[in-house]
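Chains as they are written, first to last, in UniProt numbering: chain A, 1 to 411; chain B, 1 to 411; chain C, 1 to 411; chain D, 1 to 411.
Just so you know, these hints were derived from the structure itself, not from any lab.
All C-beta atoms, glycine included, are put in the ideal place defined by N, C-alpha and C.
Incorrect hints may appear among the rest.
What the hints assert, rightly or not - A few chain B positions that, by computed beta-carbon distances, are all more than 10 Å from chain D: (1) A154; (2) A160; (3) P324.
As the list claims (entries may be wrong) - Straight-line Cα separation of at most 35 Å, DSBU-like style, residue types lysine-lysine; simulated pairs: (4) D:K411 <-> D:K338; (5) D:K404 <-> A:K302; (6) C:K411 <-> B:K359; (7) C:K411 <-> D:K136; (8) C:K48 <-> C:K149.
Listed here are the chains, written in short residue letters.
Protein chains: 4
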Amino acid sequence: MSKGRVCLAYSGGLDTSTILKWLILEGYTVVCFLANVGQEEDWAEVEKKALALGAERMVIEDLQREFVDEIVFRAIQCNAIYEDRYLLGTSLARPIIARAQVRVAQQYNCEYLSHGCTGKGVRFELAFKACNPSMKVIAPWRLPEFIQKFQGRADLLKFAAENNIPVSSSPKAPWSMDDNLVHCSYEAGVLEDPDHSPPKELWTRTVDPTDAPDVPYNFTIHFEKGIPVKVVTPEGETTGSVELFKLLNKIGHDNGVGRVDIVENRFIGLKSRGCYDTPGLTIARLAHVDLEGLVMDSKVRKLRDQFVTIEWSHCLYNGMYFSPEREFLENSIVFSQKNVSGEVRMSVYKGAAYTLGRKSDASNLYSQEDASMDSLETFSPMDTTGFIAIQAIRLEKYGLQKIKDGEPLSK
Amino acid sequence: MSKGRVCLAYSGGLDTSTILKWLILEGYTVVCFLANVGQEEDWAEVEKKALALGAERMVIEDLQREFVDEIVFRAIQCNAIYEDRYLLGTSLARPIIARAQVRVAQQYNCEYLSHGCTGKGVRFELAFKACNPSMKVIAPWRLPEFIQKFQGRADLLKFAAENNIPVSSSPKAPWSMDDNLVHCSYEAGVLEDPDHSPPKELWTRTVDPTDAPDVPYNFTIHFEKGIPVKVVTPEGETTGSVELFKLLNKIGHDNGVGRVDIVENRFIGLKSRGCYDTPGLTIARLAHVDLEGLVMDSKVRKLRDQFVTIEWSHCLYNGMYFSPEREFLENSIVFSQKNVSGEVRMSVYKGAAYTLGRKSDASNLYSQEDASMDSLETFSPMDTTGFIAIQAIRLEKYGLQKIKDGEPLSK
Amino acid sequence: MSKGRVCLAYSGGLDTSTILKWLILEGYTVVCFLANVGQEEDWAEVEKKALALGAERMVIEDLQREFVDEIVFRAIQCNAIYEDRYLLGTSLARPIIARAQVRVAQQYNCEYLSHGCTGKGVRFELAFKACNPSMKVIAPWRLPEFIQKFQGRADLLKFAAENNIPVSSSPKAPWSMDDNLVHCSYEAGVLEDPDHSPPKELWTRTVDPTDAPDVPYNFTIHFEKGIPVKVVTPEGETTGSVELFKLLNKIGHDNGVGRVDIVENRFIGLKSRGCYDTPGLTIARLAHVDLEGLVMDSKVRKLRDQFVTIEWSHCLYNGMYFSPEREFLENSIVFSQKNVSGEVRMSVYKGAAYTLGRKSDASNLYSQEDASMDSLETFSPMDTTGFIAIQAIRLEKYGLQKIKDGEPLSK
Amino acid sequence: MSKGRVCLAYSGGLDTSTILKWLILEGYTVVCFLANVGQEEDWAEVEKKALALGAERMVIEDLQREFVDEIVFRAIQCNAIYEDRYLLGTSLARPIIARAQVRVAQQYNCEYLSHGCTGKGVRFELAFKACNPSMKVIAPWRLPEFIQKFQGRADLLKFAAENNIPVSSSPKAPWSMDDNLVHCSYEAGVLEDPDHSPPKELWTRTVDPTDAPDVPYNFTIHFEKGIPVKVVTPEGETTGSVELFKLLNKIGHDNGVGRVDIVENRFIGLKSRGCYDTPGLTIARLAHVDLEGLVMDSKVRKLRDQFVTIEWSHCLYNGMYFSPEREFLENSIVFSQKNVSGEVRMSVYKGAAYTLGRKSDASNLYSQEDASMDSLETFSPMDTTGFIAIQAIRLEKYGLQKIKDGEPLSK
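One chain only, chain A, in its complex shape (with noise of 0.2 Å):
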């Protein structure tokens, strides 16, 4: 009799493989899950890779437009940003595809969930404890029984050849990937020393820069409430969530724009060193940065910048996606976006990309007019002499006290 049924996240390779034979061995009845998230993958490969090792079934959801709208498209609402540098590529995917395996699993009547993660499977967790917190969680990875019986690569190839596992013959990159819509990581290996340049032939989603063409091509995005809606190229125009963030994708990977190669710091306490190329996100993220520029008030700026930017980055990067906390966020981010909408021109060239121009219909925040000099409508210039004078009061008796401390400011 079955201990049970499991829903596997199952993604073909040797460790999840290892884990579905494992868990069948172990008495449990096995679904299989895939989350279609943009990555490249030979999907029909998988499936019956998954039902010859004796699953019950393979579960394969495309959840692409899922990501683009409800969580990419918040992203480049609120310019996500980790650490200065780090567009959160696998962070945004990670809460969609646990979601969905959660879903797979009630929908199949499953009492577990496994993964075959090891550290990074925190997010899942979460997101799966946040999902359904009745849902049991089987990580092999972090079992012992499990770690003790395969203690090296060496255990799981022994294994695989015991038990009719097909092991990939092509030989592995040095470093681990990770594929999806928005970008692909890449880490450990050889880039474990933070010192050692990521090798010209690592990066998959973006032409080399020096390999990219000689002239600069030029496009523009259009926005609504701070979402991407349009995007026109000298090719025609391109509408449709994952459509156009596919298009921005391959406009950044033919001009080789988004590669990142930092250090950064995990939730966990640790520094990693991560490189990323992330096309669409980079330029998307360029060009509503810009168009708040235009539309956004100064004041909800500063407060969307430090709070809400800062703190929905963290929520994602620490896998606190369903959190009291980011749905408190979020609320801010939308709100924001009231007016967030209008057209930015864009051009890539080579590795950068940069704005045109920009224009929109909805703010009444910039004005020609007021941005000339020669204009005096809105106010006249004795007026900076009144607010100068109320500014200056605080700094004046700072320059005073600093005279009296004998540390005088025009030292």
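For chain A, the structure is supplied; the task is to place chains B, C and D on it using the hints.
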């Protein structure tokens, strides 16, 4: 008899020449002051002109070193940036110039400070008030009698003709510029239309990326306590704050690095469009951010990013350099940089800058062993289980509440 | 012919009576306006006086309900407080009064708004500008010709005598007061010495704690979504926003609750000493803070405390109620209060307020079982081990670095 | 042969006596450690008991002075408070105790640290890990074998009887307590029902307000750089950090000042109800907040409140005293207090504390002349006009946008 002695910020242009003459005609004795903060200028010509127009004295001071050491390096140390884009080039120079003008005024017994700014004068005057609260300011462009007399360029030219003020015959650029060691800014004129792209000939501090060399240029920046102390290029080593900053400017210039084109929020509540090319600081900031990834504690970094970086940048932008809050923030900046020592290998290529690698002996926070997935030294996978369980307590309650509210998260 | 119609904020006092007469003499037609925001006033007398002095009309509006519903309750929902002490009584009323004055001005076709404030007028005028940017403001105490004419109280009294303005014969308190439903403020005069204690007779809204009843008075406040909806006392139940707020005022008054005496930082950069008695809001705020302890998520609370509470309080204090940032913040306040429903038992006694207990059905965050040390349902002690191990990773590195630096933490 | 030497935090109670005996039976040599942080204790009795049970040594250290000087005064300097209510009494003592235990362990060559905490041990252990990362921790209440053996109080009593562990015959309070110089905390037991009011006899550090003297008691606290250095009462002057803190405790105690009863968010994500009486720190904090009103710059204060106060309080609460971020924050605290010198006159009466006045020679920020409405020295009323005009630019645009959007603000 003289109405008193005025220290006038004098550039040699039509505006300040007019003011110089007007002050003399009004009965003041005028000491002219011009700060050398790294801009292009025919210094001898300016002096000649000032004296010819009747200035008692022309004082030119080279402030480049104090500019770099006291302010530019502080900006690098805190990754200063305004509204996600602007590196504050103009704002960084203002306090240095204003303080020097006060010093000169004190030295030559002036009772008044004067300048030729309109709205932009806010930053100067706030600094004047702090540096010497007892000194009075004459801001002609905010005096009704002056504005009355000079209602347009025609009035200025007429006054110039009547008073032998030489007028440059070279045509004026259709925008205004402000140049210093850090950047050149371009605004007003045709740029007031935010959808009017800056023409190729606008940029003075960077070559057009399409004209930059066809091969990347690599070099290394060494930092001590967050300050760049050495730049190593294929051609040799450069030390000395001004010298190495100029070298970074040259590297950025030659490779087209550091252009931004934005609409920003001015202190007084208006939006303004500005284009800036900031070659060296763009490169130095990127290298510094990168090094911090390797050596700075995650919690300190988040606090610093959220509070210090944003607030210091706003202080400077708003002309509040000489203020209690800037001093308070700067104390934090310096403290945060204790371990930010190491070197960053960089590459620039046709408009973009990249990090190639970094290393540091100053911090133990990054460990290749910890980063490796294979190492279980620091903590065991079972610890992660406990960590997740505790972190999930709050999230499970959230998920249960959502179920109770009829909005299950696994919808 | 009239120069136009002015809507004047008219209190019946010497200052605004003088302004009323002066405006008429200057050729304006004047509509007087007085807001009832809960202050003590002889309304009929004010009206009589205005009309006798030549006002075209006297409009008195009862704004108490919109004051409580739109602003006071929002202050309670976000625990508004300025500089840790001041509950913002004056600042809360200003936008309500200003908006009503603009409404009245619009209704009676006035082109001008006028008031008798000096510095304090900042809040009024910022609200005027936002509520109707096209309406012009006449602020006599900032007009050189008016200030010239009325250089002291003697000039006012002389003008009053010449123009049949009745002058109150009751002696003026040696400080100025501002009274509304929320509080009474006392400042200036003898209070300008910050070491001069407010005399016992100063306070008008609270009895002296030493004169309060000798037994505690207990009652219960019910909240829905952060708003007090019912107060239950030994004498019965009270609902209705204004009614229950008045009851809380009475409870606070009778028991001496809600006095503060502070030196605060005014918007314009000066410090000012103020005494405030704020009986009902002090009680309501305490009860609300307490209930949030029971029902609000910890991370949401920290974000709200750090950003929303402090920023909303500063907005109001600085007269920025009608602003994009206040709207942005308020959206967060309302969202944060979804589950802040329940009841809090309170006690007041001789100057202090206490919470006695609280309960709520709206949230599952507090659980008596979880709280119990004996329960191991939610997580096991072994989980704590893992939690500690992960949390300590960063701290161990810190400790090791300190040892290396020769400053061991266990010194 | 001994398994090694353990330094055990030993209180003399049933739990730690059981652990002491159990460790010995397991084969360890045990050095007992008890910190004197100001709690009530029969020190000789504890020592006698430890030695009788087989401890190699009993070390009792008086840590009161370092507790007050290094941590309590820092809390006062930054107005530390957790979730608006809790003055952190327990959290403040933990790092001092933990560090001393590590010191003692090092001194007596222990390899292990042990304690009798369950969940509460998080703060101790995080401090242990930072202070000496190489020392191992034995936390019996998280060891499966120990928990197995001691499943309830009956098991403990049985073990005590078998091992000659004396058991106190005095009935245990129906809640748990933690006592130190700063406060006594009460939680668990009957208090787990958050609507169960704390009974009158619970409080040990404050008299019931209704039993306090019928007349206010007045005194003055002198501060230097934010630290209380002298307390002047009708009975005389007290200096010395521990001495004056004890005096403030006595004043608070006698007048019933410093009780709070809250539900708080614990680090691990659960809510917990706690009652605390914190007499001296409540008074000192109020006085310090008040003095800052007089002498601290407004912008520094806002930054400090928003970032430093809240973050330092969270650090301490979460057991992160020995951390890079606490060190970073503390650097800011100390810097912010440069001018916080002066004296505050206070009054306490039946549960409440009041400020009566304050003065300082250290700062020029408050000026009686500036504060006066009659003075026009600092700025003219016309300056205010300009200030308002500039501040209103943004608000007018907001108002106009609202009109355009069909939602006029003057609705």
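Right, here's what the structure says about each hint:
1. Every CB of chain D lies more than 10 Å from the CB of B:A154, the least distance being 28 Å, so the non-interface label holds.
2. With a cut of 10 Å on Cβ distances, B:A160 stays outside the contact zone with chain D, its closest approach being about 30 Å.
3. Its beta-carbon lying about 4 Å from the closest one in chain D, B:P324 breaks the requirement of being farther than 10 Å from that chain.
4. Proximity of D:K411 to D:K338 is assessed by CA-CA distance (about 49 Å); at most 35 Å being required, the pair is judged violated.
5. At most 35 Å may separate the alpha-carbon atoms for a hinted pair to count; D:K404 and A:K302 meet this at roughly 25 Å.
6. Restraint check: the Cα-Cα separation between C:K411 and B:K359 comes to about 30 Å, which is no more than 35 Å; the hinted pair holds.
7. Distance restraint check for C:K411 and D:K136: the Cα-Cα separation of roughly 18 Å lies within the 35 Å cut-off, and the hinted pair is therefore satisfied.
8. At roughly 26 Å between alpha-carbon atoms, C:K48 and C:K149 fall within 35 Å of each other, so this suggested pair holds.
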